[in-house]
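Engineer: Residue-level listing of the chains:
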Amino acid sequence: MSGGDGGSLLEAGWLTGAAPCPHVVLSSRIRFARNLAGSRFAPHAPRESLEKIRARVLDAAAAIPAFAEFDRLDLAELGAAERALLKETRLISKEMERAAPGRAVFFARDRKASVMVNEEDHLRIQCIEPGLQLDKCLARASGLEEALGAALPFAIHKRFGYLTACPSNVGTGLRASVMLHLPALTLLREVEDLFGMLGQHGLAVRGFNGENSEFLGDFYQFSNEVTLGRSVEEILRALGAMITRLIEREEEARATLFRDKAPLLDDSIWRSYGVLTNARRMNSKEAMALLSRLRLGIDRGYFRSLTHEELNRLFIVIQPAHLGRRYADAPPDDVEARDVSRAVFLRERFAAERN
Amino acid sequence: MLFIVAAGSLSIEPRLTAAGESRPAMKCTKCGKHEVSFKITIIERGSGVAEERLVCQQCAAEHSPYIAKMMAKPTVAQVLEDLLKQQLAQASQAEAGEDAPAEIEAVACAACDLSFVEYKASGMLGCPECYDAFGDPLLEDIRRCQGTDAHVGWAPPAPSAQPDLRRKLEAMRSELQDCIENEDFERAAFLRDEIKKTTEELRRPLGGEALPEADA
Chain A
43 MSGGDGGSLL
53 EAGWLTGAAP
63 CPHVVLSSRI
73 RFARNLAGSR
83 FAPHAPRESL
93 EKIRARVLDA
103 AAAIPAFAEF
113 DRLDLAELGA
123 AERALLKETR
133 LISKEMERAA
143 PGRAVFFARD
153 RKASVMVNEE
163 DHLRIQCIEP
173 GLQLDKCLAR
183 ASGLEEALGA
193 ALPFAIHKRF
203 GYLTACPSNV
213 GTGLRASVML
223 HLPALTLLRE
233 VEDLFGMLGQ
243 HGLAVRGFNG
253 ENSEFLGDFY
263 QFSNEVTLGR
273 SVEEILRALG
283 AMITRLIERE
293 EEARATLFRD
303 KAPLLDDSIW
313 RSYGVLTNAR
323 RMNSKEAMAL
333 LSRLRLGIDR
343 GYFRSLTHEE
353 LNRLFIVIQP
363 AHLGRRYADA
373 PPDDVEARDV
383 SRAVFLRERF
393 AAERN
Chain B
4 MLFIVAAGSL
14 SIEPRLTAAG
24 ESRPAMKCTK
34 CGKHEVSFKI
44 TIIERGSGVA
54 EERLVCQQCA
64 AEHSPYIAKM
74 MAKPTVAQVL
84 EDLLKQQLAQ
94 ASQAEAGEDA
104 PAEIEAVACA
114 ACDLSFVEYK
124 ASGMLGCPEC
134 YDAFGDPLLE
144 DIRRCQGTDA
154 HVGWAPPAPS
164 AQPDLRRKLE
174 AMRSELQDCI
184 ENEDFERAAF
194 LRDEIKKTTE
204 ELRRPLGGEA
214 LPEADA
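Protein chains in written order, with the numbering used here: chain A, 43 to 397; chain B, 4 to 219.
I should point out that these hints are in silico values taken from the structure, not numbers from a laboratory.
Possibly wrong hints are sitting among the right ones.
Under the rule of at most 27 Å between Cα atoms (straight-line distance), these lysine-lysine pairs were calculated in the BS3-like manner [to be verified]:
(1) B:K200 / B:K171
(2) A:K94 / B:K171
(3) A:K303 / A:K136
(4) A:K327 / A:K303
(5) A:K94 / A:K129
(6) A:K200 / A:K136
(7) A:K200 / B:K200
(8) A:K200 / B:K199
(9) A:K327 / A:K129
Calculated from the model, a selection of chain A residues having no Cβ within reach of chain B, i.e. all distances over 12 Å [what the hints assert, rightly or not]:
(10) L100
(11) A108
(12) K178
(13) L180
(14) K200
(15) R201
(16) T206
(17) E232
(18) G252
(19) S255
(20) R272
(21) R287
(22) D341
(23) G343
(24) L348
(25) D375
Even for Gly, the Cβ is constructed at its ideal location relative to N, Cα and C.
Construct all of the structure, not just a fragment, from the sequences and the given hints.
Structural biologist: This is the structure:
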């Protein structure tokens, strides 16, 4: 285990590989929250206690074969810009981006699994895969969770199950989520009608950037809200059933648009392409809205040289920290310069696409 | 003769913002008793020599009528805490009739010393013991956000538990990942069932047991 070099570390590995249902599903994610018995939860723990926990986790991981292919990173050693990059690639959470004592992250070599130490909980075990692959995420995350659980005494309770710092995660400590791209349902203004049925299944919807974020680029992140009183299998079954339904509804909506609104839709797709290839300034909200149209355009049979995977990557690399790394003259706090460099980047990227 | 020219800037929040996170607890340089809340600059009249000192609220107030006045006004954190106390009091009164709300406020976890009010202010519990220490008020919180109050699932296997079974489980999980990758869904379905069976064999059921009676 070592620090790992900058380039590959910052790569969003979870974007690559086989991705079932790529036209609607961006990614699937499984996360387990775990804490060590007999220690204060991280939000209220003093520095010494956090550092002790980190040391115990590192010792345990060193003896687990599955962790041999993991790189370890002490976040305190990274600069703010690198932490922001990791957040934008979804390798760490927004909370973890903040530098705080005792924090560390393990990343699998393929960047599809990670373990965060001393985030809100002592351990956050996470697996992400492209497309609809909750089963695969669960298999890997369970393996890591089990290995860590055999080496470290997790805080469990006879009634409440796995204990977490915030009671909203108690029980399974599981957050399963799927990021869907629903441009047609959004265009037809049907998407919000669907949100109503989430609550009764213990599910919730969030924006592209997680909790309290906007719905950007027609992306919607669906996840289980309830973590208690249902087994992991039940939670995944309920989420999976809802996702299947949403995919069907989106496919129907696209068929309707393609059939009844083709000229209007095509105009919108190609206008988006026109703006992306000509604009001189572009904020991220607009960029995501335009890229969303292109993503729909792929399904319509346009942009043959563009894959879902490449487009998905664009949604990540047009974010501030990524632009800041690419263009030295777009520092993170200069919004104006960043909007200009975003436009430059997108123009260059799409200059070659023509269909 | 000394007087203060500048005061403030180290926040006046109570300790509930994660002790030791960015601001290690420091004792007042004057009384040596309380936690530092202010940095004050003291300028000696005449010579103009400036000296910075880290002091607690009480000592700062002694130095400066301005700080004393500021302290008389409630801070944002205090206002919030009062509001929370009020809401808690109302909620518990509505439920338990005239039952004393002060009792809930006073409840603190014996293991980590976090009070229920501090938990409500941060939304985060202090340690695993808090789940038992806070009793019914926490149970209500859990019911409110989860819609239920008992876990269904499995406890982790004991470290010594059946290493061969664990190895088998690990092998099946990694094979399952490969099957999914290679779209061998028949084998994947079989493995999923086997993994479920083996997990149940290896792990003990967890959850749903009644809470121990809370000590009065």
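Engineer: Now, for every hint given, state plainly whether the structure supports it.
Structural biologist: Going down the list of hints, with the structure as the test:
no.	hint	in the structure
1	B:K200 / B:K171	holds, 12 Å
2	A:K94 / B:K171	violated, 32 Å
3	A:K303 / A:K136	violated, 39 Å
4	A:K327 / A:K303	holds, 25 Å
5	A:K94 / A:K129	holds, 25 Å
6	A:K200 / A:K136	violated, 32 Å
7	A:K200 / B:K200	holds, 22 Å
8	A:K200 / B:K199	holds, 21 Å
9	A:K327 / A:K129	holds, 18 Å
10	L100	holds, 18 Å
11	A108	violated, 8 Å
12	K178	violated, 5 Å
13	L180	violated, 9 Å
14	K200	violated, 4 Å
15	R201	violated, 5 Å
16	T206	violated, 8 Å
17	E232	holds, 27 Å
18	G252	holds, 17 Å
19	S255	holds, 19 Å
20	R272	violated, 6 Å
21	R287	holds, 20 Å
22	D341	holds, 21 Å
23	G343	holds, 24 Å
24	L348	holds, 24 Å
25	D375	holds, 21 Å
Hints 2, 3, 6, 11, 12, 13, 14, 15, 16, 20 from the list above are not met by this structure, while the remaining hints are.
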